[in-house]
Amino acid sequence: AAGVIQSPRHLIKEKRETATLKCYPIPRHDTVYWYQQGPGQDPQFLISFYEKMQSDKGSIPDRFSAQQFSDYHSELNMSSLELGDSALYFCASSLRGGGTWGSPLHFGNGTRLTVT
Amino acid sequence: AQSVTQLGSHVSVSEGALVLLRCNYSSSVPPYLFWYVQYPNQGLQLLLKYTTGATLVKGINGFEAEFKKSETSFHLTKPSAHMSDAAEYFCAVSDGNSGYALNFGKGTSLLVTP
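Chains A and B, in that order, are what the protein sequence lines are. For what it's worth, the numbering used here labels the leading residue of the first sequence as 1, then goes sequentially. For what it's worth, the numbering used here labels the leading residue of the second sequence as 1001, then goes sequentially.
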C-alpha cells in the first residue's frame, strides 16, 4: 500500500539559510500534519491542513510556514534556520472525511534536518 | 487540553517476558487513544487505537491495550517479548476538542535482553 512520502530524506543547512521540506500524503487522504521531533524527544505538532486549508496550529515558529497544494502535497518552509531547528521532521496524513474523529495518522519516514 | 503521561522512559524486559508500557491520559471529554512504535531513523507506525466500543484493543505484532476510564489509563501489553520489539513506544491522544492532531507522550524506550 502507498505510504506517506517525504523528501528529502536528509538535509544539511547552515545557520540563517532556508529549507523546504516536501510531503506527499497517502492518496485520497484529505489531511496533512507536520511534526518536529528533536533528539530523544517526543514528536511536537506544528501545523495541519485539511482540504488545502490550515486546520490546526501547534508550536510552529513564526520563521516557519507551510501550505498544502491542489494535488494535496504539502511543503514546510523554514527560514532563518537556527541550530535548534536540527531535528526530524515528520509529515503524517489521515482521512478525516465526514468529521470522523479518531482517524489514525499515518507517518512518513521523516526528513532529518541538520543545521550547522 | 488533552495530554498523556508515559510512566517510565526506559523499560527493560527479558526475551519471552511480559511487556507492560504504561500510559495515563488527561482529557475533559472521551478521548481517542493510540499507541505508536518508532524504530531508529524511521517514522511512527500505528500499533493500535481506541476510539469507541470494546475497551480491549488488539493491535499488530501481538500487542494489545485496555482502555480503563476509571483509571484514565491505556497501558500497552504483550505476553511475550521478542528481540524485534526493541524500539521507542509513544502513547498519543486526541479528543476532538483540540483538533484532530495527536498529542504524544514523552515515549518509552523498550529494551529486550536475551
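These are calculated hints, taken from the structure and not from any lab test. Even for Gly, the Cβ is constructed at its ideal location relative to N, Cα and C. Errors might be hidden in some of the hints.
What the hints assert, rightly or not - Only pairs whose alpha carbons sit at most 25 Å apart, straight line, appear in this in silico BS3-like list of lysine-lysine: (1) B:LYS1049 <-> B:LYS1068; (2) B:LYS1049 <-> A:LYS57; (3) B:LYS1058 <-> B:LYS1069; (4) A:LYS57 <-> B:LYS1106; (5) A:LYS52 <-> A:LYS13; (6) B:LYS1106 <-> B:LYS1069.
Claimed, not checked - Calculated from the model, a selection of chain A residues having no Cβ within reach of chain B, i.e. all distances over 12 Å: (7) GLN6; (8) GLN44; (9) LEU46; (10) ARG96; (11) LEU105; (12) ASN109.
Evaluated hints:
1. Between B:LYS1049 and B:LYS1068, the direct Cα distance comes to roughly 14 Å. Compliance with the 25 Å bound is thereby established for this hinted pair.
2. Taking the CA atoms of B:LYS1049 and A:LYS57, the gap is about 23 Å. The hint holds against a cut of 25 Å.
3. Proposed proximity of B:LYS1058 and B:LYS1069 is supported: the alpha carbons are some 17 Å apart, at most 25 Å.
4. Of the pairs offered as hints, the one joining A:LYS57 and B:LYS1106 holds, with about 20 Å between alpha carbons and a cut-off of 25 Å not exceeded.
5. Taking the CA atoms of A:LYS52 and A:LYS13, the gap is near 28 Å; set against the 25 Å cutoff, the hint is violated.
6. Annotation: proposed proximity of B:LYS1106 to B:LYS1069 holds, straight-line Cα distance about 21 Å (limit 25 Å).
7. A cut-off of 12 Å between C-beta atoms contradicts the statement that A:GLN6 is not in contact with chain B; the least separation is 8 Å.
8. Taking the minimum C-beta to C-beta distance to chain B, about 8 Å, the non-interface status of A:GLN44 is violated against the 12 Å cut.
9. Listed as a non-interface residue, A:LEU46 fails to keep its Cβ farther than 12 Å from every Cβ of chain B; the least gap is roughly 9 Å.
10. A beta-carbon of chain B comes within 12 Å of the beta-carbon of A:ARG96; the shortest separation is about 6 Å.
11. Once the 12 Å rule is applied to beta carbons, A:LEU105 is inconsistent with being away from chain B; the minimum gap is 6 Å.
12. Not every beta carbon of chain B lies more than 12 Å from that of A:ASN109, the smallest distance being close to 5 Å; the non-interface claim is violated.
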